Amino acid sequence: DQQVKQNSPSLSVQEGRISILNCDYTNSMFDYFLWYKKYPAEGPTFLISISSIKDKNEDGRFTVFLNKSAKHLSLHIVPSQPGDSAVYFCAASAQSNYQLIWGAGTKLIIKP
Amino acid sequence: EAGVTQFPSHSVIEKGQTVTLRCDPISGHDNLYWYRRVMGKEIKFLLHFVKESKQDESGMPNNRFLAERTGGTYSTLKVQPAELEDSGVYFCASSQDLREETQYFGPGTRLLVL
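These protein sequences, in sequence, are chains A and B. Mapping to my numbering: the first sequence position 16 is 16, numbers consecutive. Mapping to my numbering: the second sequence position 60 is 60, numbers consecutive.
Hints listed in this document are in silico derivations from the structure and should not be mistaken for laboratory results. All values derive from a computational prediction rather than experimental measurement. Keep in mind that a hint or two might mislead.
[What the hints assert, rightly or not] Calculated lysine-lysine pairs in the DSSO-like style (CA-CA distance at most 27 angstroms, straight line):
(1) B/Lys44 x A/Lys71
(2) A/Lys5 x B/Lys41
(3) B/Lys41 x A/Lys68
(4) B/Lys44 x A/Lys107
(5) A/Lys111 x B/Lys41
(6) A/Lys71 x A/Lys107
(7) B/Lys78 x B/Lys44
(8) A/Lys5 x B/Lys44
(9) B/Lys44 x A/Lys68
(10) B/Lys44 x B/Lys54
(11) B/Lys78 x B/Lys51
(12) A/Lys111 x A/Lys54
(13) B/Lys44 x B/Lys15
(14) B/Lys41 x B/Lys54
(15) B/Lys41 x A/Lys71
(16) A/Lys107 x B/Lys41
Throw the hints in and build the complete structure from the sequences for me.
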């Protein structure tokens with residue numbers, strides 16, 4: 001049973017607009033959430049994270065929002081740039097176990 | 001500083017054969033992780049080494065998979081005998097501490113079992 005779900009396999013956004021990537025989770029024990037970015041033929045690279053004690057974390061053009069009651073998080077990228085085209089993975093962990101549980105990824109395509 | 005390296009980058013083998021994947025972590029990183037991504041699906045944790053010891057191997061799919069990290073430096077993941085469902089991308093990551101965001105990933109080994 002998939003504990004972290006990214007229901008959109010792909011997303012296409014115009015350059016300069018906002019990209020919103022969504023992630024849902026089922027395990028209420030998760031208390032730390034991360035977003036990773038992956039280019040073709042490369043491994044994932046850490047992008048931004050959020051602890052369950054917060055509902056928002058911002059880093060430059062990237063903001064992650066956490067809605068614990070809905071077990072939902074989202075990554076906002078604004079403005080979107082061509083270099084943002086990549087696969088984005090959502091991952092979660094529980095403090096008692098540092099094992100990362102991953103979603104299936106969303107392929108973001110930024111159109112010129 | 002060199003990143004995490006993995007060898008080979010690609011491997012195509014026939015069902016029943018043996019394949020050994022290698023991961024060289026970043027120097028000084030005690031923690032080493034193996035992950036697998038089956039085509040288009042989620043990345044799944046396989047196991048975690050701390051130095052040469054297996055800290056958590058709960059993600060290993062079955063006893064056809066054997067991971068080692070002799071001497072606490074590089075690690076190997078052997079699949080014997082390989083089955084069709086073992087196809088996917090195998091990622092290795094290393095970290096100095098247990099914080100999730102400090103895991104640095106290698107480029108992966110793309111394994112295709114025919």
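Now for the hints, and whether the structure bears them out:
Of the supplied pair hints, the one linking B/Lys44 and A/Lys71 holds, its CA atoms being roughly 20 angstroms apart against a limit of 27 angstroms. For the hint pairing A/Lys5 with B/Lys41, the CA-to-CA distance comes to about 10 angstroms; that is within 27 angstroms, so the pair holds. Under the criterion of a C-alpha separation no larger than 27 angstroms, the hint pairing B/Lys41 with A/Lys68 is consistent with the structure, at around 24 angstroms. Of the supplied pair hints, the one linking B/Lys44 and A/Lys107 holds, its CA atoms being roughly 18 angstroms apart against a limit of 27 angstroms.
Simply put, A/Lys111 and B/Lys41 have alpha-carbon atoms about 25 angstroms apart, close enough for the 27 angstroms limit, and the pair holds. A distance of roughly 22 angstroms separates the Cα atoms of A/Lys71 and A/Lys107; the hinted pair therefore holds under the 27 angstroms criterion. For the hint linking B/Lys78 to B/Lys44, the alpha-carbon distance of about 17 angstroms falls within 27 angstroms, and the restraint holds. At most 27 angstroms may separate the alpha-carbon atoms for a hinted pair to count; A/Lys5 and B/Lys44 meet this at roughly 13 angstroms.
Distance restraint check for B/Lys44 and A/Lys68: the Cα-Cα separation of roughly 23 angstroms lies within the 27 angstroms cut-off, and the hinted pair is therefore satisfied. Note on B/Lys44 and B/Lys54: the hinted pairing holds, with a Cα-Cα distance of about 17 angstroms set against a maximum of 27 angstroms. Restraint check: the Cα-Cα separation between B/Lys78 and B/Lys51 comes to about 18 angstroms, which is no more than 27 angstroms; the hinted pair holds. Of the pairs offered as hints, the one joining A/Lys111 and A/Lys54 is violated, with about 32 angstroms between alpha carbons and a cut-off of 27 angstroms exceeded.
The hinted pair formed by B/Lys44 and B/Lys15 meets the criterion: a straight-line CA distance of about 22 angstroms does not exceed 27 angstroms. For the suggested pair B/Lys41 and B/Lys54, the alpha carbons sit about 26 angstroms apart, so the restraint of at most 27 angstroms is met. Simply put, B/Lys41 and A/Lys71 have alpha-carbon atoms about 21 angstroms apart, close enough for the 27 angstroms limit, and the pair holds. Of the pairs offered as hints, the one joining A/Lys107 and B/Lys41 holds, with about 12 angstroms between alpha carbons and a cut-off of 27 angstroms not exceeded.
Checked against the numbered hints listed earlier, the structure breaks hint 12 alone; every other hint is satisfied.
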